[in-house]
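We have chain A already, so just place chain B on it with the hints.
Number of protein chains: 2
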Amino acid sequence: MNKPLILVTNDDGIYSEGIYVLQQALAEMGRTVVVAPEAEKSAVGHAITISDPIRIKEVSRRNGFTGYAVAGTPADCVKLAVKALLEESPDIVVSGINLGANIGTSVLYSGTVSAATEGVILGIPAIAISIASLVNPDYSYAAKIAKKFTGLVLDNGLPEGTALNINVPNVPEKEVRGIKITRQGASNYNEKFDRRVDPRQRIYFWMDGDLIHPKEDPDLDDIALRDKFVSVTPLHYDLTNKESFTFFKTWDIFNNDR
Amino acid sequence: MNKPLILVTNDDGIYSEGIYVLQQALAEMGRTVVVAPEAEKSAVGHAITISDPIRIKEVSRRNGFTGYAVAGTPADCVKLAVKALLEESPDIVVSGINLGANIGTSVLYSGTVSAATEGVILGIPAIAISIASLVNPDYSYAAKIAKKFTGLVLDNGLPEGTALNINVPNVPEKEVRGIKITRQGASNYNEKFDRRVDPRQRIYFWMDGDLIHPKEDPDLDDIALRDKFVSVTPLHYDLTNKESFTFFKTWDIFNNDR
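Here the protein sequences line up with chains A and B, keeping their order.
1 is the number of the first residue of the first sequence in our numbering; add one for each residue after it.
1 is the number of the first residue of the second sequence in our numbering; add one for each residue after it.
These aren't lab readings, by the way, just hints derived from the structure by calculation.
Be a bit skeptical, because a hint or two may be false.
Copies of the same chain are indistinguishable here, so a pair counts whether it falls within one copy or spans any two.
What the hints assert, rightly or not - Calculated cross-link-like contacts (lysine to any residue; reagent style SDA-like; alpha-carbon spacing at most 25 Å):
id, residue 1, residue 2
1, 144, 250
2, 174, 138
3, 242, 88
4, 3, 154
5, 174, 135
The following block holds chain A by itself, in its conformation from the complex:
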């Protein structure tokens, strides 16, 4: 039997440390193909490139993989890999290891998560994995978790239309308190815009902000992660708020006087 085919991607770009570590770990359990953005594409959300040509080139990492660098978004990478570059469909898409947590509302802005969602849209089980720090990441435990869950998903599959969004605390393995299946949290950035004037007297802003955790619930991804658990959140891409349907029953939608 062929070893499983694992499509590896990310949003920090093909030259990042996180994707190198991820590919090295997953190469121990399957055939890996790396198709990732040429440059960093953080916070691009689920953007796709429909009005520009998408360029690709082969890239070799020293002592590592040869893959495709794509001048596009993480979602572009997954679509292009599955529909144009690969001769067989991957058994799983693994996106990461992202530098910085993807929790709470950040999930919406995350290119890492959108690559996994794109896999699922194409019918392929998918995992996004991130480490909860922007500085001094120690990827060793996150790589172990990536391998463990890749194995679990290859063995068990995932419910239809579902990807796993995994966040790993950036602490030594012995300080990790466990693994939790979580819900997307409510954490959010309290944005501040820093207004400046450039040398040509034109106004511009820098977006910045502090992460806030408005809800204390140990089963939310942000709270679990803060408390040094690995959070594993099953995500789908149906945004319908079904619970809200009763709300609209009272609406006078068919009143034509409006």
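Frame of chain A; chain B shown alone:
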């Protein structure tokens, strides 16, 4: 009492026809402020600009509004308007009128919808509105629907964390069969990548594809719209697939041999 403050945005850009029509319609029921991308930002999803400065400039449309053009994404526009440009918080965010439907999985790629979602994240009720054609749009009925639902939302509010995604068929009003509260559909693009070689012998791809409707269900946005109904889908931004939780009960997550 002050008239309601209506923040108007889109992803087709501040110079588009759809935002002009939308602002003109909503100006009849409140004070409008337009903050929209300087250039077309279709398919950018929920991208935000965190690594580049965000420039703004004032723009006046002939016989129309004066607003802010933002060198950024739709989500940037809403954040910037609420957190930096406006002195009071808007009562509602209305995004559109988008040229082309935002239904099924397209909702994930849609800048129009992400602007509405961003409003909701900031605690402001929000509507996204699109017309189901890329050519020869007749915005008159869509403008009426935008006004009707803006009024309904201003009067009734929306459930917490919920935005409305409205799609209007591009047919004369008398051919519209009605208004339906719908669920996000399963329609999807069956992407094709057109591989080409440029004059310098470099490879590039164009992404293209046909829309497919894999599920026939009259309560899905794509099917309702195809059948000439106005689809109104309540969307939230919690992507957790709660129904999948039982699936993971059987997983051997704590087996450390993996």
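So, going through the hints one by one against the coordinates:
no.: 1; hint: 144 to 250; in the structure: between (52 Å within a copy, 21 Å between copies)
no.: 2; hint: 174 to 138; in the structure: within (13 Å within a copy, 63 Å between copies)
no.: 3; hint: 242 to 88; in the structure: neither (36 Å within a copy, 32 Å between copies)
no.: 4; hint: 3 to 154; in the structure: within (11 Å within a copy, 57 Å between copies)
no.: 5; hint: 174 to 135; in the structure: within (20 Å within a copy, 60 Å between copies)
Violated hint for the displayed structure: number 3, the only one.
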